[in-house]
Every structure is written in structure tokens, then in C-alpha cells.
Amino acid sequence: MAMMADTSTPKRVFKGRPVVPGTATAEALVSHGGFNTLASFQKALMFGDKDVKCSDQNNPDLYNKPMIGRALCLPQTIGSTTGGMVLYCASAMGKQPACLLFSQPIDSLAAAGAILAGVFSDNPMPTVDSLGDDFLAAVTTGARVSVHEDGTVELG
Amino acid sequence: MTVDTTESTSSTTERAQKASASSTTERASLTTESTSSSLVLTEEQQALLDGAKGEAMAKVVKVLVMYGETFGATRMVPVTSRMGHLVTSFGLSALKPVYELLDGLIREGALSQQQFTVDPRPLDANVKAGFIADLVFKFMYSRQDFYEKQLSELGLVNQDGFTCACYFDEVGNVPAPGDVLSWAESSAVVYANSVLGARCNRNSGIIELFGSVAGFVPYFGLLTDEGRTASWIIDVQTTQKPEAQVLGSAIGMKVMEAVPYIKGLDRWLGSELDQTAKDYLKDMGAATASNGAVGLYHVDGLTPEARALGTTLVADDAPTYVIDDAELARVKASYPVIWKDPQAQAKLAFVGCPHLSTAQLHDWATRLDAALTANKRSRVAVKTVFTTAPAVRKAFEATDDYQRLTARGVTVSSICPLMFMNNPLCGKMPVVTNSNKLRTYTTARYHTDAELLTLISGGEL
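Line order of the protein sequences matches chains D and B.
FYI, in the working numbering the residues of the first sequence are 1 to 156.
FYI, in the working numbering the residues of the second sequence are 1001 to 1461.
There may be inaccurate statements among the hints.
Below, in silico cross-link-like pairs of lysine-lysine (DSBU-like), each with a Cα-Cα straight-line distance of 35 Å or less [stated by the list, open to error]:
1) K11(D) with K1254(B)
2) K43(D) with K1376(B)
3) K1263(B) with K43(D)
4) K1149(B) with K1096(B)
5) K1383(B) with K1394(B)
6) K1096(B) with K1053(B)
7) K1096(B) with K43(D)
8) K1128(B) with K1332(B)
9) K65(D) with K1053(B)
10) K53(D) with K11(D)
If you're looking for bench data, these hints aren't it; they were derived computationally from the structure.
Here the structure is a predicted model, which means the values were calculated and not measured.
Just need the whole structure built from these sequences, with the hints factored in.
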């Protein structure tokens, strides 16, 4: 299972499973509750908000915060089964998060979105799951996050 | 034969291949719950992946393979239901990537192998939002006609096939117990799994169409016996029949995507899946799926698998979540009210998300008529829209209750309230609803059935 691999340096390193391998370095945006994909993206995708601010009123961690280009850190996604299609559209339109980092095993809707983005768009989202609860406890919104091909995630 | 042998000519497929091969290799060295060896395809499935029926079909199968491998599937299984169901019904101008993707399928003849129904249309000329808001709708859903033409080419059953409650008898998309489905629409999937005993994962939009196009889906999750094991016990200890939409909300928020086994509800619903019980479970399930991510629940003594297998469906280490009156009150009180003026008078009420059954329409007609009469009112105090499936609406229009409702000022429509509320001008309106799904995705304010009845009949809360 996921484990913290190195605590001897200022950086904290976590190891997960690369669902869609890739590299990214971005500012973290952390949702401690389930991420409702449709509720979060629908306003931005429909009305062209360039910052792609989260429109999910039920997510106090993310509501009104920009999601584009962020390292979205979350337990899982929840809500409507349009979720994967919404993630794919965000990616195809260049409005996607820099990467998706899941503390838990990925859910079916998010996996669909990440895979569709990888196969059908030019803007794949590196996606890592099973990073563990420690990851979500350690990462804070605004922190610098680096993702590696093998599913290693560095904080700081 | 594994996906690692895939041929490809496009850069996107190459990226996907790399992703798939890399993730497969990586999984072999990890020990997460969802690890697996490679997914094994039949010769026919491998040929599709290799491009025997064109690049579009190859990409469809590629996505299904990667999707399956992510969740540890080792094989594909045939889709056995008579019909599919798609979640995306709206021709939003912002969905250009989806239209381009579907055009590619249509161009290469990669069509659905089964007819399908689809979620409700976003608009209805009988549900007006105001001059400017209606102009905004025309902009928002400017691709509706184009998208519906695409759906027809792909396999849409008919022009009445637009409803989230495709499983109503009047609609005719009713899976048999044990059927393997490739559906999306969270409320329909959870109903098909839980109440009908069919087997369907919580597929995303596009993925569900891909399963119907390929004719097979990866075997994992809710398709398997182990995936249908309950990992939570819900102990309902309320002193009265719990409000379906609040109970579902509480369960969804607590268990997220886990499978709950619900005890104590048969005390209120009985042990027969009659229409009243089905309607209750329809509304409760929609709330579990939208407030959480539940794809299947079992109700002790009532739903098909719970009746057959009882508590053997429950994992040994399943924790228990007790839901009593205080817990339901706590959950309901936690819903934010995001109207600009929380004290505003409601201007519009939506009842029917998910769509109302015939029995629910008649029940609301009776109760509303009585409440208005008691309040000495001839018409509803708040503009009110009841939503139901097109086939149900057409039959209902021939009844006395329909005449009673319309005479009282109620509109009966087959619209999707959620899509209606996505209009920013509608989103600013003080809208009330008894739907926890609508509350979750929009600015609509939730009220229980009784509260909503009081509001629209001119009473005071």
C-alpha cells in the first residue's frame, strides 16, 4: 500500500500507483472531501471562466478556487456519472488540472476521465492513486507538488 | 493475448499504449487493492483492438481495456441487456470535444450495438424562464438539435427516450435480474443494481456508450459477486418513516462509493417491492448517488439480493452507521442555503428529479389538491413544475388528475431540472425542490415533500 518513503529531507515523498503516468510540477489544490466533478467544473466549462474556479457549493475546501493547472489532491470523486466526460472535456479544452493525485484507489468516473483524456486529447492529466491518507494529511493548498512517471509524488 | 501487443498509428493511441503498458508494469510491483495482471482478450476483441474495424473502434476498445486494467479486470464480459442508457442528453455548446469524438465514431460506423435511452432534454417550451433567460438557453444549448441527430445515428431508441428513469415500465428499458449493463446516469445505475438486481458499474458518460458500441465491458466492481458485498451497515432507527431524499443523502455522505446494507427500513417499506417501495428507493438511491457515489445498496428483507442472501452479503468487518431522527435532522441542517437573499420568497418549485412515476404524479395531484382546498386557494402559490418521462407524461395527460393539476397552475414537463438550473439567470432565482440531487448540483433549496407541499399550496413553514 502507499507509504511515506523518505522523511529525512525537507521534501516529503509518497509513492502511489500511476493510473496515467506522466510528470508535472504544480501548486497543490486540496479537497479533503469527495470531489464532485460535475458540480465543480460545470460553471467554468459552460461560461468560459479562464481560471476554472470550482463551482461546487458543497466543497468548502475548493469552492471558488481556481483549478486550472493545479495539482488536484483528493480522496476520490463523487457525484454525477457525467464526471469522466466532464474531465475529458476540460482536458480537451486545455482547462484541466495539471495532475490528479488520489489518496485512495481511484473511482470509476475519475479513471474514465483520465483515460479518455490520455487517449483522445492532447492534454493528458498525469494521474496517481493510492497515495494514502498520510498524503492527504500532509499536502496543503498552495504547496509545491512534483509528480513522476513511476507514481512518486514529492511535496515541497 | 494482452493489450501490450496493440498496433497503433496515431500519436494519441501511442500515448495511451505507453500509459497502459507502463501502468501494467507498475501495477505488478505495487500492492494496492486494485492491482491485477493483464486483461486477457478473446481473439475477436484483440482484433478490434488491433484495428480490424477501424481506428475509432480500436480506440473504443483501448479505452475499455485501460479502464478495466485500472480496476483489476482480467476479462471482458458481454453486455446482455436489451438496451443501454446514456447520461449526456444536452447539446451544450461547451461540449465540442464530445461532438468531435462522436463524429469520429459515426464516420467509421462504430455505432451502438443496442438501442439506448438517454437522460432528459434540458429544455421544454412549456417551462419558460423569462425572455432574457430563454435567450441564454438558446446560446447554452445551441448544439441540441445537432447532438440529438448524433444520438439518433448512434442508436437512440426514439424521440420519447429522454428520461433519467428509463426503467419505468412505460419507457420500456427494464433490465432483467443479472443482466450486464453498460449504463451511466448515477440514479439509474443505482436503481438498476439495487432494485432490479442487474449488474452495472458506475460508468462515466462516454464510457457507457463505448460499452454499447463494443458489445462488451470489463468485468470488475459491481459486475462481480465480491464487488456487491456490503462494507457498511446502515441501521435505521428513526421513529417515523425517514424522508427518502434525506436518508439517501446521509448514507451517501457517509459511505461515499461503498456498498451499504440497510437494516430497519423494511419496517417502513414492508417486505414487498411494490410501487410505493420502488418509488421510495428511486428517490433515496438518487440521493445516495449524488450526495455520495453509491452504485448499489441492499435493503434488508426487501431488495432482490438482500432477500436472497440476507446478511451474508455483509463483510465481516463492516462498520455500522446508526441513523436516527437526530442524525437526519443534523444532515438536513447541514445543507447550505446559497440564495442571494436566504429570506426570499420562492419563485419556482421543481418536483421530479429523478423523474416522477405515474403513481407519484397521482399522489402529488391528490395531496396538492387537498392542500390548496384547505388553504382556500384556486392555484399554486409558487410556479410549480412536475417532471416525468415523456411516455409517462403522455399517458398522464389523459387522466383527470392531469386536468386537476393544470387547472391549479402546475406544469407537467419532461425537462431536466438540473439542466434548466444551469442557466445562470435561473441559478439566481430562488428555486425550491424536494430533490437532493438538484440541491447538490444547483442553487436550488431543499425541502421535504411535506414542506414543499406547504410552500406551493400557500401555507407557512
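(request) Report the numbers of all earlier hints that the structure fails to satisfy, in ascending order. (result) Numbers 2, 3, 9 - these are the hints that the structure violates, sorted from lowest upward.
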